[in-house]
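Work the whole structure out from these sequences, hints included.
Here are the chains, one letter per residue:
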Amino acid sequence: MLTTTFLNKSFENPLVLASGIMGVTAASMKNVIENGAGGVTVKSLSLTPRTGHPNPTQMGTTNYYINAVGLSNPGVEAGVEELKLFKTVCEAPLIGSVFAGTPDEFAAVSERICAAPIDFLEIDVSCPNVSREFGDPFAYSIPAIEMITKKVKAVTNVPVIMKLSPNAWNIVDIAKAAETAGADAITAVNTVSGMAIDVRARRPILHNKQGGISGPALFPIALKCVYDIFQAVKIPIIGTGGVTTGEDALAMIMAGATLIGVGSAIYYGGVEVFKTMTDEMERIMKEEGIKSLDEIRGAAH
Amino acid sequence: MTLANMDQPIFLPITKIVNETEQVKTFYFNFSLKSKPGQFVMLWVPGLDQKPFSIGYDSGAQFGLTIFNRGPLTKALFEMKIGDRVGITGPYGTAFSVKPNTHYIMVAGGYGAAPLGFLAEELSNCHPERGLAADEGSLAHDNNVTIDFCVGARDKDNLLFEERVKKLPNVTLHLATDDGSAGHKGYVTDLLSELADSYLRNQTMPKKLLFVTCGPELMEFKVLEFCNLRNLECEISIERFMKCGIGICGQCCVDPLGIRMCMEGPVVSKAVANQLTEFGKYHRDKSGAKIYY
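These protein sequence lines map, in sequence, to chains H and Z. Its first residue numbered 1, the first sequence is counted upward by one per residue in the numbering used here. Its first residue numbered 302, the second sequence is counted upward by one per residue in the numbering used here.
These aren't lab readings, by the way, just hints derived from the structure by calculation. Using N, Cα and C, we set each Cβ at its ideal position, and we do this for glycine too. Just to be clear, a hint being listed does not mean it is correct.
Derived CB-CB ranges, DEER-like [to be verified]:
#1 H:Glu91 with Z:Arg502: 46 to 54 Å
#2 H:Ile197 with Z:Met381: 20 to 28 Å
#3 Z:Asp385 with H:Glu288: 54 to 62 Å
#4 H:Gln231 with Z:Gly372: 48 to 56 Å
#5 Z:Glu323 with H:Lys209: 31 to 39 Å
#6 Z:Tyr500 with H:Gln210: 52 to 60 Å
#7 H:Lys224 with Z:Ser333: 39 to 47 Å
#8 Z:Lys591 with H:Glu288: 45 to 53 Å
#9 H:Ala154 with Z:Glu380: 52 to 60 Å
#10 H:Arg283 with Z:Tyr488: 53 to 61 Å
#11 Z:Gly372 with H:Lys209: 19 to 27 Å
#12 Z:Glu380 with H:Ile221: 40 to 48 Å
#13 H:Asn63 with Z:Lys457: 51 to 59 Å
Taking beta-carbon pairs under 10 Å as the criterion, some of the chain Z residues facing chain H (in silico) [said to hold, decoys possible]:
#14 Gln309
#15 Pro401
#16 Ile547
Listing some non-contacts, in silico: residues in chain Z with all C-beta distances to chain H over 10 Å [to be verified]:
#17 Arg386
#18 Asn426
#19 Thr473
#20 His475
#21 Glu518
#22 Asn529
#23 Cys545
#24 Val555
See below:
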């Protein structure tokens, strides 16, 4: 009922672990699959190891989750070993993820992660450490997105997915530019920029002061981005951002998403949330007489 | 389900500071934390850092954190005075079992004595106002619990909670120091075999035997090996680098199960510990890279 084909690869269900959550090791990604995810995205890797920001790096409330981890990761070399290990213990689809400071560095780290048996590669062009060589951060710059997409496509042997920022007022144009430059899919969206202040401490809670907002507060923003991008491009979309229930997931699919990224939902529903969500999706589909997700993809348009 | 709003820091003033050893202090806060022995809190010093600390004391009205001065965060904390405030979130993680009709052999190394001291007090029902939630029935003074409390340290001056534990009913204290300045000269784990034998030999009424341990990982690993060899039960507190403390970041996931030590740990059963191939071998740093012991 929930089986989904994305870029010729079959997923048991459309829920994939979003990058940055639970995804440091092969073991933790396997644990997520065992809890019902249809696929996983690894936490973004960079050319060299990074320790990230000091704590607090994340904080959760009923309405939102905020984080500024600082892209900590053991570097692409150690990361490739974990990805290889994942594929020896788990058959589920695996999405690699990388970030970098310049277009050439994006190409270099993308080429290196392809040494691992990843099925897709997601490019995080919406991270906080962005180069300003184009005058704008990558996330908002059409020339930057075009150049990064082309350079990465030239050195990779798997489909490339560009992950975009909801802070980009021109996200639809950015998505179109990525498609024209050869991107195989779009992930919409990354977290939206935000802040939390502790009034008794009289300062921001995150050590990095600002962070990315996910959780329920992000959902309607992400939904609109996916809805708009679906009208503008032909390539498939991974709808990500505050999806915490099966109903949210179905709404994302009706907006036009093929896969659904699930991240901070783990905070609200535990690691077993994948199963909770797919159960709810099936229940609603039965109630509504929906036979397959293809039947309702983009139905809200 | 996580109580979402509880993960915002609560800003609490320090109400008491006790110097335990030259490098260890216990910081007390007047707050009903409702924690269980083995759990931890995240402690935030604004502008500096936030780290997990195991809970060493909880009377119901007051809780205490026993902290070893080892880095920039703890250094700042050691310079604080009564009335200074820090941000607390928690309690988080799993706890040691609190069971009646059981003989506990507690094995503490260094400041691992703090959570085990809290457990020993809980088992002795020192704070009846906490309204104990025992795993099996409620614990009263006749709960039929006895404890061998083994604590090891480098030397006499670094032993923790000797006095605190000694005054508990039903507790026998055993000391070990590397230099022999107090108790047994050598490792605390040297004591295990004799204590287990002595308990099993002199057992007068049917009671379960449970080892619990908290301290340096290689010491804990020896406890696990011993319990495997002798087919005895144990519970182990496993420390891993934590970022969020609330089950999201994946930093404290252990191989090959991928379970999170902030959620499915830090206290794990013998059965779980035996499946963790990395236990006693390596852990991961804040980038996620492996560090071998």
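Structure-based check of all given hints:
no.: 1; hint: H:Glu91 with Z:Arg502: 46 to 54 Å; result: 53 Å, holds
no.: 2; hint: H:Ile197 with Z:Met381: 20 to 28 Å; result: 22 Å, holds
no.: 3; hint: Z:Asp385 with H:Glu288: 54 to 62 Å; result: 57 Å, holds
no.: 4; hint: H:Gln231 with Z:Gly372: 48 to 56 Å; result: 52 Å, holds
no.: 5; hint: Z:Glu323 with H:Lys209: 31 to 39 Å; result: 36 Å, holds
no.: 6; hint: Z:Tyr500 with H:Gln210: 52 to 60 Å; result: 57 Å, holds
no.: 7; hint: H:Lys224 with Z:Ser333: 39 to 47 Å; result: 43 Å, holds
no.: 8; hint: Z:Lys591 with H:Glu288: 45 to 53 Å; result: 48 Å, holds
no.: 9; hint: H:Ala154 with Z:Glu380: 52 to 60 Å; result: 55 Å, holds
no.: 10; hint: H:Arg283 with Z:Tyr488: 53 to 61 Å; result: 57 Å, holds
no.: 11; hint: Z:Gly372 with H:Lys209: 19 to 27 Å; result: 22 Å, holds
no.: 12; hint: Z:Glu380 with H:Ile221: 40 to 48 Å; result: 43 Å, holds
no.: 13; hint: H:Asn63 with Z:Lys457: 51 to 59 Å; result: 53 Å, holds
no.: 14; hint: Gln309; result: 6 Å, holds
no.: 15; hint: Pro401; result: 30 Å, violated
no.: 16; hint: Ile547; result: 6 Å, holds
no.: 17; hint: Arg386; result: 7 Å, violated
no.: 18; hint: Asn426; result: 32 Å, holds
no.: 19; hint: Thr473; result: 40 Å, holds
no.: 20; hint: His475; result: 37 Å, holds
no.: 21; hint: Glu518; result: 18 Å, holds
no.: 22; hint: Asn529; result: 22 Å, holds
no.: 23; hint: Cys545; result: 5 Å, violated
no.: 24; hint: Val555; result: 7 Å, violated
Hint compliance for this structure: hints 15, 17, 23, 24 are broken, all remaining hints hold.
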